[in-house]
Amino acid sequence: DAMVIQNPRYQVTQFGKPVTLSCSQTLNHNVMYWYQQKSSQAPKLLFHYYDKDFNNEADTPDNFQSRRPNTSFCFLDIRSPGLGDAAMYLCATSAEAGGGDTQYFGPGTRLTVL
Amino acid sequence: GQNIDQPTEMTATEGAIVQINCTYQTSGFNGLFWYQQHAGEAPTFLSYNVLDGLEEKGRFSSFLSRSKGYSYLLLKELQMKDSASYLCAVRDGDYKLSFGAGTTVTVRA
Chain A
1 DAMVIQNPRY
11 QVTQFGKPVT
21 LSCSQTLNHN
31 VMYWYQQKSS
41 QAPKLLFHYY
51 DKDFNNEADT
61 PDNFQSRRPN
71 TSFCFLDIRS
81 PGLGDAAMYL
91 CATSAEAGGG
101 DTQYFGPGTR
111 LTVL
Chain B
115 GQNIDQPTEM
125 TATEGAIVQI
135 NCTYQTSGFN
145 GLFWYQQHAG
155 EAPTFLSYNV
165 LDGLEEKGRF
175 SSFLSRSKGY
185 SYLLLKELQM
195 KDSASYLCAV
205 RDGDYKLSFG
215 AGTTVTVRA
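So the protein lines, in turn, are chains A and B. Counted the way the working numbering counts, the first sequence spans residues 1 to 114. Counted the way the working numbering counts, the second sequence spans residues 115 to 223.
Source of the hints: derived by calculation from the structure; they are not laboratory data. Don't be surprised by glycine CBs; every beta carbon is placed ideally from N, CA and C. Possibly wrong hints are sitting among the right ones.
To be verified - Derived, one-sided and incomplete: chain A residues facing chain B with beta-carbon distance under 10 Å:
id, residue
1, Gln41
2, Ala42
3, Phe54
4, Asn55
5, Met88
6, Gln103
7, Arg110
Claimed, not checked - As a list, the in silico DSSO-like pairs of lysine-lysine whose alpha-carbon atoms are at most 30 Å apart:
id, chain 1, residue 1, chain 2, residue 2
8, A, Lys52, A, Lys17
9, A, Lys38, A, Lys17
10, B, Lys182, B, Lys171
11, B, Lys210, B, Lys182
12, A, Lys44, B, Lys210
13, B, Lys190, B, Lys171
14, B, Lys171, A, Lys44
15, B, Lys171, B, Lys210
16, A, Lys52, A, Lys38
17, A, Lys52, B, Lys210
18, A, Lys38, B, Lys210
19, A, Lys17, A, Lys44
20, B, Lys171, B, Lys195
21, B, Lys182, A, Lys44
22, A, Lys38, B, Lys195
23, B, Lys195, A, Lys44
As the list claims (entries may be wrong) - Here are some chain A residues the structure puts well away from chain B; computed CB gaps all over 10 Å:
id, residue
24, Thr26
25, Leu27
26, Asn28
27, Val31
28, Tyr33
29, Lys44
30, Leu45
31, Asn63
32, Gln65
33, Arg67
34, Arg68
35, Thr71
36, Phe75
37, Asp85
38, Ala87
So here's chain A without its partners, still in its complex pose (with noise of 0.2 Å):
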């Protein structure tokens, strides 16, 4: 089945020590998207890629980066993580940008920063 794959599903880090956390895609879809989602709040947009193309929000810090090597795998990578970026992170894709284009979302991985 087509589908949404993010690795690992839980990461435990040490402050401050450089983790990457990777999603891939059967789907073939154009354009994907990494969330974080922090206990009881709405999934926050940190960046996305429309094909190779890298869209960065505005108040994502610069402790996140991302690389889009190929069009099946997308990567996170948080520099040095702090004791607040313990979060889900979700990665999602679509087909498209905009009108009724679904996002679909991975299962996620949950980061623990000690």
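With chain A held as given, fit chain B onto it using these hints.
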């Protein structure tokens, strides 16, 4: 900025009906989505409205009034598995979805 409001919690009995309201004030409007999110899991798509009126999908229906900045999600014949958080999200431009904080629905036997 965007402002999307929905109740924090609702409780209902198995077999009953629950209506989750969502009001929004956004800089633009290009569709409204409802997602279901079980604890610790990713959101899953439920419905999409871009024109005024009611969209029905089995036990779930969603309504939109653009002039009032208002939507609701109606869950009928509640089942225990419907216990989850329900997220209202507005697409205000091209790509971006702005989410509400979610409504936690608890279904009791």
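Here is how each hint holds up against the structure:
no. : hint                : verdict
1   : Gln41               : 6 Å, holds
2   : Ala42               : 4 Å, holds
3   : Phe54               : 12 Å, violated
4   : Asn55               : 7 Å, holds
5   : Met88               : 8 Å, holds
6   : Gln103              : 6 Å, holds
7   : Arg110              : 7 Å, holds
8   : A:Lys52 - A:Lys17   : 27 Å, holds
9   : A:Lys38 - A:Lys17   : 20 Å, holds
10  : B:Lys182 - B:Lys171 : 23 Å, holds
11  : B:Lys210 - B:Lys182 : 21 Å, holds
12  : A:Lys44 - B:Lys210  : 10 Å, holds
13  : B:Lys190 - B:Lys171 : 11 Å, holds
14  : B:Lys171 - A:Lys44  : 27 Å, holds
15  : B:Lys171 - B:Lys210 : 25 Å, holds
16  : A:Lys52 - A:Lys38   : 28 Å, holds
17  : A:Lys52 - B:Lys210  : 17 Å, holds
18  : A:Lys38 - B:Lys210  : 19 Å, holds
19  : A:Lys17 - A:Lys44   : 23 Å, holds
20  : B:Lys171 - B:Lys195 : 17 Å, holds
21  : B:Lys182 - A:Lys44  : 25 Å, holds
22  : A:Lys38 - B:Lys195  : 23 Å, holds
23  : B:Lys195 - A:Lys44  : 26 Å, holds
24  : Thr26               : 16 Å, holds
25  : Leu27               : 13 Å, holds
26  : Asn28               : 18 Å, holds
27  : Val31               : 6 Å, violated
28  : Tyr33               : 8 Å, violated
29  : Lys44               : 8 Å, violated
30  : Leu45               : 6 Å, violated
31  : Asn63               : 21 Å, holds
32  : Gln65               : 19 Å, holds
33  : Arg67               : 19 Å, holds
34  : Arg68               : 14 Å, holds
35  : Thr71               : 17 Å, holds
36  : Phe75               : 18 Å, holds
37  : Asp85               : 18 Å, holds
38  : Ala87               : 12 Å, holds
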